[in-house]
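A.B. asks: Here the working numbering is used: the first residue of the sequence shown is 192, the next is one more, and so on.
Quick caveat, the hints were computed from the structure, so don't treat them as lab data.
Misleading hints may appear alongside valid ones.
[Stated by the list, open to error] Computed spacing ranges between beta-carbons, pair by pair:
hint: 1; residue 1: ASN323; residue 2: ASP703; range: 54 to 62 Å
hint: 2; residue 1: GLY577; residue 2: LEU262; range: 47 to 55 Å
hint: 3; residue 1: PRO605; residue 2: VAL653; range: 28 to 36 Å
hint: 4; residue 1: ASN550; residue 2: GLY410; range: 37 to 45 Å
hint: 5; residue 1: PRO571; residue 2: GLY680; range: 25 to 33 Å
hint: 6; residue 1: LEU607; residue 2: PHE505; range: 42 to 50 Å
hint: 7; residue 1: PRO355; residue 2: SER325; range: 45 to 53 Å
hint: 8; residue 1: ASN323; residue 2: GLU426; range: 42 to 50 Å
hint: 9; residue 1: GLY410; residue 2: LEU508; range: 36 to 44 Å
hint: 10; residue 1: ALA667; residue 2: LEU607; range: 39 to 47 Å
hint: 11; residue 1: ILE518; residue 2: PRO322; range: 44 to 52 Å
hint: 12; residue 1: VAL665; residue 2: ALA690; range: 24 to 32 Å
hint: 13; residue 1: ARG708; residue 2: ILE576; range: 23 to 31 Å
hint: 14; residue 1: PHE382; residue 2: VAL237; range: 15 to 23 Å
Glycine included, every Cβ here is placed at the ideal spot set by N, Cα and C.
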Amino acid sequence: MTGGNGIFKDLTPRFVFVLFISTIGPLLFGYHLAELNAPQDVITCVRKSIGTSAWTRVRTHFRSREAESLLPQCIPMDPGQFGLVSSIFTLGGLVGALMAGPVSAKQGRLRAMIFNTSFYVVGAVIEALAPNLSTMVIGRVISGLGAGASLVVVPIWISETAPPGAKGFWGAGTQIMTNVGILIAQVLGFFLSRGSLWRFILLAAGMIAFLQAIGLLVGGQESPKWLAENGRGPEAKRALRRLRGHTADIDEEIHGWGSHDSAQDLDDERVALMGSEDTGVNKQGDSLGDALQEGLHQVKSTSKAAAQDALGVFAVLQDANSRPAIIAVMGVMLAQQLCGINSIVMYGVSLLAGLLESNSALLNILVAVLNIFVTTAAAPLPDKIGRKACLIISIAGMGTNSILLGIGIMKQIPLLSAIAVLLFVASFGIGLGPVPFILSSELVGPEAVGATQSWALAANWVSTFAVAQFFPLVNANLPAGHVYFIFAGFALFFGIFVAWRVPETRGNGNADEVWGRGKVVARQD
Numbered sequence: 192m193t194g195g196n197g198i199f200k201d202l203t204p205r206f207v208f209v210l211f212i213s214t215i216g217p218l219l220f221g222y223h224l225a226e227l228n229a230p231q232d233v234i235t236c237v238r239k240s241i242g243t244s245a246w247t248r249v250r251t252h253f254r255s256r257e258a259e260s261l262l263p264q265c266i267p268m269d270p271g272q273f274g275l276v277s278s279i280f281t282l283g284g285l286v287g288a289l290m291a292g293p294v295s296a297k298q299g300r301l302r303a304m305i306f307n308t309s310f311y312v313v314g315a316v317i318e319a320l321a322p323n324l325s326t327m328v329i330g331r332v333i334s335g336l337g338a339g340a341s342l343v344v345v346p347i348w349i350s351e352t353a354p355p356g357a358k359g360f361w362g363a364g365t366q367i368m369t370n371v372g373i374l375i376a377q378v379l380g381f382f383l384s385r386g387s388l389w390r391f392i393l394l395a396a397g398m399i400a401f402l403q404a405i406g407l408l409v410g411g412q413e414s415p416k417w418l419a420e421n422g423r424g425p426e427a428k429r430a431l432r433r434l435r436g437h438t439a440d441i442d443e444e445i446h447g448w449g450s451h452d453s454a455q456d457l458d459d460e461r462v463a464l465m466g467s468e469d470t471g472v473n474k475q476g477d478s479l480g481d482a483l484q485e486g487l488h489q490v491k492s493t494s495k496a497a498a499q500d501a502l503g504v505f506a507v508l509q510d511a512n513s514r515p516a517i518i519a520v521m522g523v524m525l526a527q528q529l530c531g532i533n534s535i536v537m538y539g540v541s542l543l544a545g546l547l548e549s550n551s552a553l554l555n556i557l558v559a560v561l562n563i564f565v566t567t568a569a570a571p572l573p574d575k576i577g578r579k580a581c582l583i584i585s586i587a588g589m590g591t592n593s594i595l596l597g598i599g600i601m602k603q604i605p606l607l608s609a610i611a612v613l614l615f616v617a618s619f620g621i622g623l624g625p626v627p628f629i630l631s632s633e634l635v636g637p638e639a640v641g642a643t644q645s646w647a648l649a650a651n652w653v654s655t656f657a658v659a660q661f662f663p664l665v666n667a668n669l670p671a672g673h674v675y676f677i678f679a680g681f682a683l684f685f686g687i688f689v690a691w692r693v694p695e696t697r698g699n700g701n702a703d704e705v706w707g708r709g710k711v712v713a714r715q716d
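Based on the provided sequences and hints, a complete structural model is requested.
C.D. replies: Laid out in structure tokens, this is it:
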């Protein structure tokens, strides 16, 4: 094993490269989430440019090309129609997420990621070439399919390939790359939101996806655990060697791999994994064989128990132990969206345009940078002060700054509005950003994890759709800034909900300890 602390233990350039290529999927999710933000007024024919006179030369340079274009310079939309274009992406995401699990389980994580790039490429091209509203909607749905699938498959791949003891740290790469995608979209929007150039913002996502497809085809890596679970032991061992390096001790990690369909599968894999390799593997053959033999019956029995006891998405609602967890997880997922983060990510530029003029696009770039910084810096907090504390601090911060932002917009105070937006996003990164995805697997036992994650996923995508669809309508029909008082009300409600219904999971070994059941209760007696 390589030296260093637990986070960088067994870290190799090969793993870092494949991790980067794989997480371009979540990057494109963030990109599509924010791609319509800066150019909204240009796309909908409200303005010809969001820029200032400093960009006159750029606009003039492309003016003749725009005149010759076969596509319209803009697509007239009212707030409701634009909300549909924005929100339909999330419905595609929900469908893609539900499809991705079975596909990746049957075809493999790598094949699923490669196939998924086709949605991103096709969706982006259709969006960029859209001559009307309906075509734009179709493109957004297809892009959403890719986004939803990415947010399911990539975290699974990371969990199955990251070095043991550092899965949580590397798992944060999904959220960080999502924020990087948002930043890229905001930067391109700042420079290209004028005339017909907004189409290049949408097309850029397809170009990135095409490069990802090449990277996955040339240098991608199937999950060793998936290979082992599908009876491809020798390939699994070689894949793990490439990810960990030829000097790493992989015995324990192989011993901890997942379940198989039968004892014969386990026996076959054990024999295959004990096969020789050229790079010092024979020296480890005996210990590897002993480790697998020792764990054979334990893994087999655990696999059968898990398969027999696994709860479906409706059965889990009837399970008395799981029902409180479902309520808690869905509530936190709803809080993540209904406290208003995507009102800034998806509509921040046009929302603040009248108050900050051209600086609203620049502010959104700063917001994206801050989001990346806070998400990275706050990653250790849930393990230090607890998940529940992070959530309460986050919700309180978002609620307070929602009020300040509403006042800033209502009273036309640019500085207050800008500060409130930055603190609003920073508060999100502390808790509501990362913690909901952690809780899904910590509040229930292994038999209910899959079903719980399905309900969490549904709550997240549906609430994202609600904000994306109805925010433009509500904002247009209320006095300026008043919509953020609604978000403040949601923050108050969900703050009380978290304090009342969400238990702390830090330091607890399993769901029974979290909820005070079983042995924990016995010890207290």
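A.B. asks: Hint by hint, note whether the structure agrees.
C.D. replies: A quick look at each hint next to the structure:
1. Look at ASN323 against ASP703: about 56 Å separates their beta carbons, and that is inside 54 to 62 Å.
2. Distance hint check for GLY577 and LEU262: the Cβ-Cβ separation is about 53 Å, which falls inside the suggested range of 47 to 55 Å.
3. Checking the proposed 28 to 36 Å range against PRO605 and VAL653 shows it holds: the Cβ atoms sit about 34 Å from each other.
4. Taking the beta carbon of each, ASN550 and GLY410 are about 41 Å apart, inside 37 to 45 Å as hinted.
5. At roughly 32 Å, the beta-carbon separation of PRO571 and GLY680 lies within the given 25 to 33 Å, and the hint holds.
6. Hint check: LEU607 to PHE505, Cβ distance near 48 Å, so the stated range 42 to 50 Å holds.
7. Restraint check, PRO355 to SER325: a C-beta distance of roughly 49 Å satisfies the suggested window 45 to 53 Å.
8. The hint said 42 to 50 Å for the Cβ distance between ASN323 and GLU426, and at roughly 48 Å that hint holds.
9. For the hinted restraint 36 to 44 Å between GLY410 and LEU508, the CB-CB distance of approximately 43 Å keeps it satisfied.
10. Checked against the given bound of 39 to 47 Å, the beta carbons of ALA667 and LEU607, roughly 22 Å apart, lie outside it.
11. The given range of 44 to 52 Å is respected by ILE518 and PRO322, whose C-beta atoms sit roughly 46 Å from each other.
12. For the pair VAL665 and ALA690, the supplied restraint of 24 to 32 Å holds, since their beta-carbon distance comes to about 27 Å.
13. At about 25 Å, the beta-carbon gap between ARG708 and ILE576 stays in the expected band of 23 to 31 Å.
14. In this structure the hint that PHE382 and VAL237 lie 15 to 23 Å apart at CB holds, the actual value being about 19 Å.
This entry does not satisfy hint 10, going by the numbered hints stated previously; all others are met.
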